[in-house]
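Chemist: Sequence:
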Amino acid sequence: MSFSRETGTEFFIRFLFLSLLILLSNGCHRSEDRKTVVVGYLGKKAITVKNLEDTARFMGLGSASRHRPLTEWTLSERNAALRETVQDFFLEEEGKKRGIKIRPNEIKDYLKNHFPQPEKSLEPFARKALFLQKTEEALAPFPDISISTERSFYKNHQNLFRISRQAIVDHIVVAKQEEAESIRDALIKGSSFARLAKLESLGMEASSGGRMKPYPRGTMPPPFDTVFTMKPGEITPVLSSPYGYHLFRLEKFIPEHTLSFSMVKNWIKKKLTRVKRQKVLQEWLAQKLQKSPFHRAPTYKGIFSPFPVTISRSQTF
Numbered sequence: 001m002s003f004s005r006e007t008g009t010e011f012f013i014r015f016l017f018l019s020l021l022i023l024l025s026n027g028c029h030r031s032e033d034r035k036t037v038v039v040g041y042l043g044k045k046a047i048t049v050k051n052l053e054d055t056a057r058f059m060g061l062g063s064a065s066r067h068r069p070l071t072e073w074t075l076s077e078r079n080a081a082l083r084e085t086v087q088d089f090f091l092e093e094e095g096k097k098r099g100i101k102i103r104p105n106e107i108k109d110y111l112k113n114h115f116p117q118p119e120k121s122l123e124p125f126a127r128k129a130l131f132l133q134k135t136e137e138a139l140a141p142f143p144d145i146s147i148s149t150e151r152s153f154y155k156n157h158q159n160l161f162r163i164s165r166q167a168i169v170d171h172i173v174v175a176k177q178e179e180a181e182s183i184r185d186a187l188i189k190g191s192s193f194a195r196l197a198k199l200e201s202l203g204m205e206a207s208s209g210g211r212m213k214p215y216p217r218g219t220m221p222p223p224f225d226t227v228f229t230m231k232p233g234e235i236t237p238v239l240s241s242p243y244g245y246h247l248f249r250l251e252k253f254i255p256e257h258t259l260s261f262s263m264v265k266n267w268i269k270k271k272l273t274r275v276k277r278q279k280v281l282q283e284w285l286a287q288k289l290q291k292s293p294f295h296r297a298p299t300y301k302g303i304f305s306p307f308p309v310t311i312s313r314s315q316t317f
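With UniProt numbering, letter number 242 in the sequence shown gets 242, and the count goes up by one each step, no holes.
Errors might be hidden in some of the hints.
Below, in silico cross-link-like pairs of lysine to aspartate or glutamate (EDC-like), each with a Cα-Cα straight-line distance of 20 Å or less [to be verified]:
hint	residue 1	residue 2
1	Lys-96	Glu-137
2	Lys-252	Glu-205
3	Lys-231	Glu-256
Please keep in mind that the hints were generated in silico from the structure rather than gathered at the bench.
Full structure from sequences and hints, please.
Modeler: This is the structure in structure tokens:
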């Protein structure tokens with residue numbers, strides 16, 4: 001059987017049209033699948049793949065939920081998204097019962113405080129974040145932490161406030177060894193370290209003349225610890241690292257010391273407040289899970305860790 005040119009063209013157009021319909025249909029099915037494929041049940045409520053993807057984006061784990069099936073997420077990504085989805089469901093349910101409202105000016109202030117360039121598309125994110133925050137505050141109001149409790153914590157946890165010996169260092173880093181050697185020669189002859197750092201260094205601290213924030217041994221890449229064997233005023237030989245070629249000049253050491261209570265008082269108050277609120281929220285979540293336990297769907301049982309009774313939202317606001 002043979003086709004005329006016109007019949008062949010019609011057949012080709014019809015073929016393309018049907019192919020496009022099939023592709024669109026498959027795409028719709030994939031989108032629909034994410035909404036309907038159930039990973040587990042919270043009481044009678046189904047938790048779907050789409051729920052986990054939405055939560056992952058809300059948590060800032062967008063890379064986990066884009067173009068990758070759930071089975072290809074890391075275990076920590078899956079566990080985090082599942083935990084947040086479950087606790088957010090309970091919080092949203094509780095917030096609605098309590099009649100919690102979010103005003104437009106609150107959304108505006110939230111976006112202003114959290115994003116350098118707020119966009120209207122971020123308003124749903126801000127509304128959800130504020131709703132969850134207010135619900136937590138209603139469930140676990142901020143406790144009154146007495147000054148005696150703060151002082152007792154300070155006294156019993158001195159190790160938290162002990163600062164190891166730190167070095168104050170000037171730093172220059174460049175891309176080529178010969179450039180670093182040339183700069184070192186100039187420094188030995190008396191050139192200004194600060195001036196050469198501003199002119200030549202690729203480091204973040206170049207604009208401040210190479211002066212780094214104090215740091216203790218073992219907290220920076222290996223070349224940075226060389227200064228702990230030096231005397232104030234000495235300049236290292238050229239040292240290499242994956243970041244380039246470095247020169248360091250030791251300014252001085254800050255001896256090991258313990259931060260005073262007045263310096264850490266606010267930190268202690270925030271920590272004790274967070275711990276007390278966390279306890280209340282965890283107990284509340286445990287009660288909710290007793291009434292509406294979470295059960296994984298058989299297909300997804302092997303890709304999650306045992307479900308933890310924790311609530312972490314208050315740590316992020």
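Chemist: Holds or violated: Lys-252 with Glu-205, Cα cutoff 20 Å?
Modeler: 17 Å, holds
Chemist: Within 20 Å, alpha carbon to alpha carbon, are Lys-96 and Glu-137?
Modeler: The hint holds at about 14 Å.
Chemist: Mind checking the alpha carbons of Lys-231 and Glu-256 for me, to see if they're no more than 20 Å apart?
Modeler: Satisfied, since the Cα-Cα distance of roughly 17 Å is no more than 20 Å.
In the structure shown, no violation is registered for any of the earlier numbered hints.
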